[in-house]
Structure formats: structure tokens, C-alpha cells
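Kindly generate the complete structure, drawing on both the sequences and the hints.
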Amino acid sequence: MTENIDYTSANAELQEIVSEMENSEISIDELDIKIKRASELLKICKDKLFKTEKNVQEVLEEIRNYSIGNAK
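First residue of the sequence shown? That's -11 in our numbering, and the numbers climb one at a time after it.
Some clues are possibly wrong.
Stated by the list, open to error - DSBU-like cross-link-like pairs, simulated, lysine-lysine; straight-line CA separation at most 30 Å: (1) LYS34 - LYS22; (2) LYS24 - LYS34; (3) LYS36 - LYS22; (4) LYS39 - LYS24; (5) LYS36 - LYS24; (6) LYS31 - LYS42; (7) LYS39 - LYS22; (8) LYS42 - LYS24.
Hints are computed from structural coordinates only; laboratory data are not their basis.
This is the structure we're talking about:
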């Protein structure tokens, strides 16, 4: 089940986890939990980017079809 979180929040949380890992601020005990959470956040971001790209492509196709239809 995908969590109801917006892209900006998911990306910000993901960046925070990455920063903690880079700065060795995560204990070994927390690492497993953080890695799983990062994986969830990556999936959320990827899904939202895919849906946005699909929507943009649909709009561009509609504009293209409209332009072709009016050119006749």
C-alpha cells in the first residue's frame, strides 16, 4: 500500500535519510529501518514522477491532436 504523502515531503525525508547516512548519524540498529523507509520513499517518488510524466504526455498529445484537427 502506497502512503499518502506528496512528492516534496517524500523527497525531503529521503534527502534527510541520505544526509544522516553520509554523516554517519545512523546507528547500525537504525540502519535497517532507515533503508526500508528510504526504499518506500523512493517508490513513492518514482510513482509520482511516472504519473506526472504520463499526464504531461497525455496533455501534449491532446494539444497535438487539437492542433492537427484545426489545421484542416
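Now for the hints, and whether the structure bears them out:
With a C-alpha separation of about 18 Å, the suggested pair LYS34 and LYS22 falls inside the 30 Å cut-off, and the hint holds. Taken as a hint, the LYS24 and LYS34 pair is honoured in the structure, with Cα atoms around 15 Å apart against an allowance of 30 Å. With a C-alpha separation of about 21 Å, the suggested pairing of LYS36 with LYS22 holds against the 30 Å cut-off. Simply put, LYS39 and LYS24 have alpha-carbon atoms about 23 Å apart, close enough for the 30 Å limit, and the pair holds.
At roughly 19 Å between alpha-carbon atoms, LYS36 and LYS24 fall within 30 Å of each other, so this suggested pair holds. With a C-alpha separation of about 16 Å, the suggested pairing of LYS31 with LYS42 holds against the 30 Å cut-off. Annotation: proposed proximity of LYS39 to LYS22 holds, straight-line Cα distance about 26 Å (limit 30 Å). As the CA atoms of LYS42 and LYS24 are separated by approximately 27 Å, the hinted pair is consistent with the 30 Å bound.
In summary, the structure agrees with every hint in the numbered list given earlier.
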